[in-house]
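The lines below spell out each chain.
There are 2 protein chains.
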Amino acid sequence: MANGRLAQSRIGVLGTGAVGRCLAAGFRSRGHDVMIGSRDPAKPELREWLSGEGAGIEAGTFAEAAEHGELLVLAVLGEAAEEAITAAGPDNFSGKVVIDTMNPLDFSGGFPPKLSISGEDSLGERVQRTLPDAKVVKAFNTIGNPYFVDPAFTGGEPTMLIAGDDEGAKATVRDLLADFGWSDTVDIGGIEGSRELEAICIAWVKIGGARGAWDHGFKLLVG
Amino acid sequence: MANGRLAQSRIGVLGTGAVGRCLAAGFRSRGHDVMIGSRDPAKPELREWLSGEGAGIEAGTFAEAAEHGELLVLAVLGEAAEEAITAAGPDNFSGKVVIDTMNPLDFSGGFPPKLSISGEDSLGERVQRTLPDAKVVKAFNTIGNPYFVDPAFTGGEPTMLIAGDDEGAKATVRDLLADFGWSDTVDIGGIEGSRELEAICIAWVKIGGARGAWDHGFKLLVG
Chain A
7 MANGRLAQSR
17 IGVLGTGAVG
27 RCLAAGFRSR
37 GHDVMIGSRD
47 PAKPELREWL
57 SGEGAGIEAG
67 TFAEAAEHGE
77 LLVLAVLGEA
87 AEEAITAAGP
97 DNFSGKVVID
107 TMNPLDFSGG
117 FPPKLSISGE
127 DSLGERVQRT
137 LPDAKVVKAF
147 NTIGNPYFVD
157 PAFTGGEPTM
167 LIAGDDEGAK
177 ATVRDLLADF
187 GWSDTVDIGG
197 IEGSRELEAI
207 CIAWVKIGGA
217 RGAWDHGFKL
227 LVG
Chain B
7 MANGRLAQSR
17 IGVLGTGAVG
27 RCLAAGFRSR
37 GHDVMIGSRD
47 PAKPELREWL
57 SGEGAGIEAG
67 TFAEAAEHGE
77 LLVLAVLGEA
87 AEEAITAAGP
97 DNFSGKVVID
107 TMNPLDFSGG
117 FPPKLSISGE
127 DSLGERVQRT
137 LPDAKVVKAF
147 NTIGNPYFVD
157 PAFTGGEPTM
167 LIAGDDEGAK
177 ATVRDLLADF
187 GWSDTVDIGG
197 IEGSRELEAI
207 CIAWVKIGGA
217 RGAWDHGFKL
227 LVG
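Each protein sequence line maps, in turn, to chains A and B. Heads up, this note's numbering is the position in the first sequence plus 6, with the first residue counted as 1. Heads up, this note's numbering is the position in the second sequence plus 6, with the first residue counted as 1.
Worth double-checking, as some hints may not be accurate.
The list treats identical chains as one, so a pair stands whether inside a single copy or across any two.
Think about it this way: if two alpha-carbon atoms lie no more than 25 Å apart in a straight line, the pair counts; the simulated DMTMM-like pairs of lysine to aspartate or glutamate are [said to hold, decoys possible]:
hint, residue 1, residue 2
1, Lys102, Glu88
2, Lys120, Asp172
3, Lys102, Glu163
4, Lys102, Asp139
5, Lys120, Glu173
6, Lys49, Glu64
7, Lys49, Glu85
I should point out that these hints are in silico values taken from the structure, not numbers from a laboratory.
Could you build all of it, start to finish, from the sequences and the hints given here?
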């Protein structure tokens, strides 16, 4: 436990891409007991990461990671969310705080992507409907993964926008964000706020495409 | 002409609510020749404003203001956009830069509002489709009207996000934003970026509701 703010917890991270790895390493750096879940936990590139940057993190199947975690993180591609949840076993999410970091990006028309779920729906809402007994909190989806832990830009610190239906779950996520170095977390309301947060991801991606660089993030100015 | 950056232009602002008045006064303060358009240009509250804060601004019908302006601003409520354009006469928009400041807010379910146009569409795109010969630029829709001119927050200056299909029109809008005191304007791409910008408005409104205050705005941090 790095700074005493949060008790050591068992964390399950589903997804071994850059987002999953960054968050798994972030939780591990704060002293938590982390298992990262993969469709294929024996794959060589994962094993290599676990013996380097991912040292101290266990790997397992989606179901093993979901069972392991008291708090779970969904970090697969948006299009793989449903399959990952099915593989993990919906019962393993029951009663738990579930951080949804995903964006439903549709690259079928090339760059920039558009949202594959839009209108009066969002991926965050779908995840919550699929897992009615879980406490889903959308977070980490409007910033690049190099900034997940100890975020800093030349012009200041960014704002993490979150949304979710359960106030207690959002308080937990706020605490772990503080533990990760986020001084400013702003709650935009219920899980339907995922509509806005996923749209903000598209804006972030378009700006990155125009800049040809990805070292940017949003800050909420106040007063 | 306040600072020599932009030649004096004829500006037509459609809409006499807070957004239209702030922008009309802003253009007037920079030396432009401004007409504000209303469904009822004789209404007492407009006449009162014209003799005070709005001094030096003319008022006319939507059609008169649209005919007057070399550059036009759409600043009616989103739900009134179609009617205002029809009243103004679509031909009066032809070939002109048209700044769309509007948000398609649906308050029928109470607060917070949701978008009345969403999914793979937006009000900005509808305006551009309705006015194919106009050069529509979405701007001013993600910030409160007190910040339209000389924007400043305790934590720094906000970022104006814009979108539109015509590069020349966006350059014009960038110049007038600079003239208004915006040091940071970020172009997120074609007019379909209105989907993101209108969603960002919803996030801005939700944050305002939670804060019980409206002195907030977004800044893009870079590097």
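A quick look at each hint next to the structure:
no.: 1; hint: Lys102 x Glu88; result: within (18 Å within a copy, 47 Å between copies)
no.: 2; hint: Lys120 x Asp172; result: between (28 Å within a copy, 20 Å between copies)
no.: 3; hint: Lys102 x Glu163; result: neither (29 Å within a copy, 39 Å between copies)
no.: 4; hint: Lys102 x Asp139; result: within (8 Å within a copy, 54 Å between copies)
no.: 5; hint: Lys120 x Glu173; result: between (30 Å within a copy, 21 Å between copies)
no.: 6; hint: Lys49 x Glu64; result: within (13 Å within a copy, 71 Å between copies)
no.: 7; hint: Lys49 x Glu85; result: within (21 Å within a copy, 54 Å between copies)
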